[in-house]
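J.: The lines below spell out each chain.
There are 2 protein chains.
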Amino acid sequence: MKRSDRLIGMTHYVLEHPLTLISLPFFAERYDAAKSSISEDLTIMDKMLREEGLGFLESVSGAAGGVKYIPTIDSKESEAFINTLSQRLEDPERILPGGYLFMSDVLGEPDTVRMIGRLFASQFYSLNVDAIVTVATKGIPIAYAVASFLNVPVVIVRRDPKITEGSTVSINYVSGSSRKIQTMVLTKRSLKQGSTVCIIDDFMKAGGTIDGMKSLLKEFDAHVAGIGVLAEAEDEEDERVVDDYTSLLKISNVDVKNERITIDKGNYFSN
Amino acid sequence: MKRSDRLIGMTHYVLEHPLTLISLPFFAERYDAAKSSISEDLTIMDKMLREEGLGFLESVSGAAGGVKYIPTIDSKESEAFINTLSQRLEDPERILPGGYLFMSDVLGEPDTVRMIGRLFASQFYSLNVDAIVTVATKGIPIAYAVASFLNVPVVIVRRDPKITEGSTVSINYVSGSSRKIQTMVLTKRSLKQGSTVCIIDDFMKAGGTIDGMKSLLKEFDAHVAGIGVLAEAEDEEDERVVDDYTSLLKISNVDVKNERITIDKGNYFSN
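Which chain is which? The protein sequence lines are X and R, in order.
So for the first sequence, the UniProt record's numbering puts the first residue at 1; every next one is plus one.
So for the second sequence, the UniProt record's numbering puts the first residue at 1; every next one is plus one.
No lab work stands behind these hints: they were computed from the structure.
This list has only true hints and no planted wrong ones.
Note: identical chains are not told apart, hence a pair may lie in one copy or across any two.
No more than 25 Å apart at the CA atoms, straight line, and that leaves these computed lysine-lysine pairs for DSS-like: (1) 188 - 162; (2) 250 - 162; (3) 68 - 2; (4) 162 - 257; (5) 257 - 188.
Work out the full structure, taking the sequences as your base and the hints as a guide.
T.: The structure is reproduced here in structure tokens:
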């Protein structure tokens, strides 16, 4: 097989297996090629991925060595993406009664969601998390997008227990903005005790929901290594109960009467 | 730029843009190459994608021509995947009270969900759908996986209206298996009138939920071109209210007392 053919197959394989150790012998056998040729292929691939701003191949040396694809995104492309997204979301027609923002259409686009996932993966890949935790419903697509780049499972916290889940652990928490008592449940067998996790959600006001998730995760002895939200409501900063998080967007000055809203880049871009 | 470098970048681009028309001049400009070279690259890529069972490049001729990546999967690989999945799900420990099956862990794995999406995309790509419709919560990850391969948005039907959604259309329907009256809502602005859609869900018993979605979609003048479910409960066949659907798995003989369950391949594999 020619190098050009092999590189197409190898590129597909590498992209579909991020953060997974792939050994040279694996590719050598798959494409009936010498290990030295595969090694050269991977050098070419690493260079090209870097040039295109798509991440890089990390070499792992030793007998059980190989390469790992680290999916990152360069800052130019991530800023361009978030600027376009901000502009789309600033449309006054998106403002709903109560000062909420209609984002379901944007969160329904698989390529937009995938890019959001890529941004968070770029930030969190070094944390070696065991799972991504989110809460039903809106955070789910983003959580899967992050998880697909970090090669870990998604664990979904629910507001209500379901019969198809088996035994659960539940907690009550106080919603930060509405001050209402709410319940959250997580199926016992969905998360191993002592896991390192990353919390992902679409939106954070005062942070009560995320704080509730943290409490629930304590019951599983989980270590929350990172928190990522697509958008934070800046006006709620004073009351915020969660402080160490990454946001891609900051929503402020929601003015329902005059149909105005301000959307800025989140703290992801200021680090 | 060398062909080998270019092919890595082009492979990434093509894989991330399934069912999207990509023109030769686009790649020629992006990689500063002659159109004839790009054309050769695409011929190599098409051959390799077919060899690896990953789909093919469809040529679109004419002035506005180019190629479209059609993501399919060969039957050998899809059968191997579904056999492994069946074996995992047949584990008696998955049987829950009421005859339900615990599948959340499997549906939490991004690569498993992506493969499920690939199988459905392989079946539905020629239907030219405008959107994938699913119902919260468990169908959501599968719907996004299908949508990412078909390059269309996901529209989520909810059981309860949410304030962050705006005005909605709702219907009442009778759940096929429990015979209870339930409600479903869809935000008005989430789906254009007259769309062609594909319904995706994780599980179908008698089909009441999917039948309810069909009624709700009628209010949007939508045409349901395809229905895909990961698993169907075969024991409910007599009472089934939906007949034209594609299933990947068939669950039968759920015996809670003796902790036994039978899982077979769905009708996807008999067509």
